Amino acid sequence: MKNSKLFITTLRTEAIGFAIILLIWGVGTLIYPSHIIPSPIAVLTDAREYLPKDISHHVLLTAGRVLSGFALSISIGTLLGIGAYLQKWVPALNSLMSALQVLPGVILGVIFLLMFGLGSTVPILLITFLVLPTIAITTANGLAKKNTALEEYLKTVKSNKATIWKTIYLPALIPVLLSNFSLGVSMAAKVVVLGEFVGSQDGLGYLLNRAQITFNMKEVFFYLIILLVFTLLVQSLLAFFSSVFFKKYFYAE
Amino acid sequence: MSEVILTVNKLSKCFSGQMVIDRLSFTIHQGECLAIFAPAGAGKTTLIRILSGLDTQDSGQFELFDDFPVTMFQEHRLFPFMTVKDNIFLPLVAQDRKITPQIQQNYQEWIDVCELGAFQEKYPWQLSGGMKQKTALIRALLQQPKFALLDEPFQSIGVKAKQTLIQHIKNACPGISLLLITHNPDEVQQLAQCVLVFEQACLTQGRQITQSDFSKWNPTAVFPAAPIDSQNYSNHLPVVADDCSIK
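Respectively, the protein sequence lines represent chains A and B. Numbering (this note's numbering) for the first sequence: 1 to 253. Numbering (this note's numbering) for the second sequence: 1001 to 1247.
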């Protein structure tokens, strides 16, 4: 009961964000003609005319790719960040990840397309490679902000390693992980469009690209709304789980 | 003479060319409490850090004859995401030691003495400064250690509560050896048998006095409020005693 209330509260927060975006969109329709920015109502009411019949298939495919790429980038990025911190390779990691970030997504997408062909691999790998650097860098730098005074205390009591991990490294990682989750899912939703445009013939990114070529702005806005709603939903879920499981780590100083 | 628990021999430490500990030597025997009374910035905390293995000396040696010495730092160093109870039992968990019924009983006694009964499930940010200090003190002394390094352990604790606590330390930890760092003469008089008094902002060959001489000196009359200024008290120190084990 308490948890469902909490989930509704987090969902409400995301809904407020969504409402603000709708408001800005509404204002935009007053300024620009409908062939540039169509009204939200027109986008929804005319959806039957322009949407493909298998839209749910595309939506599910994209959602799966976003979640897979996101999960891969979070897992590998976090492990890389932890490993680099423990091995004192943070400067080397920063350089390597910065180099990866410089690589244009389209070029990387084309390389993956040539390597793996059309399908889900290209968008998933693209998400992984473009989101991972940020995750790895923030993880390594977040660990550097561990509480050294408390770590010293544990050294004086000759603490076992498990306790040091649980009470020093994990609390330092949690705020970083949470911001990585939030940042990562938004980035993944953005990158999947590029990945599906370059290396796939299905998914929302593919449909979005097809719609923008023909300047079907109603369709473009519809897919953008789906991506936005999906991102906000995942954000709500993550915020809910972090409140339930990591609540004790959010304390007043 | 009881067995030696700590010997410090010509210990020196220098930071950026400034000597903070200079050839310091002293010995603490089992059951003895040695207080260090020195002005601020004299290297007391550095000494604690060296003795607890967090820092290394530039020269000299020390030998500590206890496998599990405890250190209570000047700051409480409580874990903010753990309750009072969890913080107190943390050293046991960290050392893979069992919480025996005897330890549970000791815990309850300490909680009663410190009047923390209603706060056992609270987090440090929900406590006053004195409560945090009491929690850190219980965490240090619950396991009845043989030796403890206490860096200003009673700061932020009221006079009456402090007296009760000191009495409880004597009852709950008989035979404990202490290295007590303090700015408060009352604490020296109530706990220590021997006092190392330093006149300068460096721990060097301090004046060694017994507790009774320290009482005669009555530093409270000269310095009613801590911290003590080295320029004020150097002229008022009593005669150096011979029977203290400070070399």
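These aren't lab readings, by the way, just hints derived from the structure by calculation. These numbers come from a predicted model, not from an experiment. The reader is advised that the hints may include incorrect statements.
Unchecked claim - Using C-beta positions, here's what the derived DEER-type ranges look like: (1) B:Glu-1115 <-> A:Gly-83: 27 to 35 Å; (2) B:Glu-1075 <-> A:Leu-170: 19 to 27 Å; (3) A:Ala-92 <-> B:Thr-1164: 27 to 35 Å.
As the list claims (entries may be wrong) - No farther apart than 30 Å at their CA atoms in a straight line, the calculated lysine-lysine pairs in the DSS-like style are these: (4) A:Lys-161 <-> B:Lys-1170; (5) B:Lys-1146 <-> A:Lys-247; (6) A:Lys-146 <-> B:Lys-1010; (7) B:Lys-1085 <-> A:Lys-247; (8) B:Lys-1122 <-> A:Lys-146; (9) B:Lys-1170 <-> A:Lys-166; (10) A:Lys-166 <-> B:Lys-1098; (11) A:Lys-88 <-> A:Lys-166; (12) A:Lys-158 <-> B:Lys-1160; (13) B:Lys-1132 <-> A:Lys-158; (14) A:Lys-88 <-> A:Lys-158.
Claimed, not checked - Chain B is faced by these chain A residues, among others (derived, beta-carbon under 10 Å): (15) Asn-3; (16) Ser-4; (17) Leu-6; (18) Asp-46; (19) Ala-47; (20) Leu-150; (21) Tyr-153; (22) Val-157; (23) Lys-158; (24) Ser-159; (25) Asn-160; (26) Thr-167; (27) Pro-171.
From the three backbone atoms N, C-alpha and C, an ideal C-beta is built for every residue, glycine too.
Query - Index of numbered hints that the structure contradicts, given in increasing order - result: Of the numbered hints given earlier, those the structure breaks are 1, 3, 4, 5, 6, 9, 12, 15, 16, 17, 18, 19, listed in rising order.
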